[in-house]
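Participant: Here is how the chains run, residue by residue.
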Amino acid sequence: MLSKNDSKVIVIVPIELDVKMRNLLESKLAILFNGERHGIEYKVEPDMLAGLKVYFGSKVIDLSLDSYLNSLV
Amino acid sequence: MEKLGIDPLLIVVQIVNFVLLLIILKKVLYNPILNTIKNREKELSEIEKKGVEFEKEKQEFEKEKAKLLNALQKEKREVLEEAKLGAQILKKETIDKANREAKKILSETQKQALRDSGNLTKKIKEEANKLAVELAKNALAQILNEKDRGKSVEIAIKRISGF
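If you're matching them up, the sequences are chains A and B in order. So the first sequence is numbered by the working numbering: it starts at 1 and just counts up by one. So the second sequence is numbered by the working numbering: it starts at 1 and just counts up by one.
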């Protein structure tokens, strides 16, 4: 479970997200923050292959294909 | 007697004359010669005695010499044997030490070779993995379009609730 200290959330994605996907993401993150919504900053990295990364404080949820491939090395 | 031409007085005189001659000869010639002969015999006897003693001393000296030579040869043999034994021990120790050093060097070299081989294999694997990942990334970058990327983000969003 995430804490209030992890208020600033940065999401890194390979493409611009539409409203539907943003809402879906925010609702999922809100569940993790006990229903509280946090300010989310989106960063688009075109070199990223697929998936996403979520940074909050010193923690990270890494669901990117790039990280998976890098972990194979 | 006179008829025969024999003069008794002359005979007596001749006898006295002969006796005197004998006495004088004995005094003047016979005794000194005898003394000289006796002295010579005595000297010869002493020389002979000294010769025997000298021969005896010579034999004793020869015996001592032989004894000393034997002792020296025995000592020489012992010293040689000792030196030979010492040299053999030293030789064996040197060979053993060289063998140990050679084994140690060989063992270390083999270990180093194994380490190098292991490191090389590991490095090659890492490089191969890196290359494969790079190839996969490049291939995926060409294959994945915007729609696929969006789909991948959507799947990832759905998985977030699992954290």
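Misleading hints may appear alongside valid ones.
[To be verified] Result set (EDC-like, lysine to aspartate or glutamate): computed pairs, CA atoms no more than 20 Å apart in a straight line:
#1 A:Lys59 <-> A:Glu41
#2 B:Lys130 <-> A:Asp66
#3 A:Lys53 <-> B:Glu126
#4 B:Lys151 <-> A:Glu26
#5 A:Lys43 <-> B:Glu64
[Stated by the list, open to error] In silico negatives: residues of chain A with every beta carbon more than 10 Å from chain B:
#6 Ile10
#7 Leu17
#8 Lys28
#9 Gly39
#10 Lys43
#11 Tyr55
#12 Gly57
#13 Ser58
#14 Leu65
#15 Asp66
#16 Asn70
In case anyone wonders, no lab produced these hints; they're calculated from the structure. Glycine included, each C-beta is placed from N, C-alpha and C at the ideal position.
Participant: Please go over all the hints and tell whether each is borne out by the structure.
Facilitator: Hint check:
1. A:Lys59 <-> A:Glu41: holds, 15 Å
2. B:Lys130 <-> A:Asp66: Answer holds: Lys130 (chain B) to Asp66 (chain A) is near 13 Å, not above 20 Å.
3. A:Lys53 <-> B:Glu126: Distance of about 25 Å is beyond 20 Å: violated.
4. B:Lys151 <-> A:Glu26: holds, 17 Å
5. A:Lys43 <-> B:Glu64: violated, 118 Å
6. Ile10: holds, 14 Å
7. Leu17: The assertion about Leu17 (chain A) is violated, with a minimum of 7 Å to chain B.
8. Lys28: Not fine: 4 Å to the nearest Cβ puts Lys28 (chain A) too close to chain B.
9. Gly39: holds, 17 Å
10. Lys43: holds, 13 Å
11. Tyr55: holds, 13 Å
12. Gly57: At roughly 14 Å from the nearest Cβ of chain B, Gly57 (chain A) sits farther out than 10 Å, so the non-interface label holds.
13. Ser58: Consistent with the label, Ser58 (chain A) stays out of reach of chain B, its closest Cβ about 15 Å off (over 10 Å).
14. Leu65: violated, 7 Å
15. Asp66: violated, 7 Å
16. Asn70: Its Cβ does come within 10 Å of chain B, the nearest being 7 Å, so this is violated.
In the structure shown, a violation is registered for the earlier hints numbered 3, 5, 7, 8, 14, 15, 16, in ascending order.
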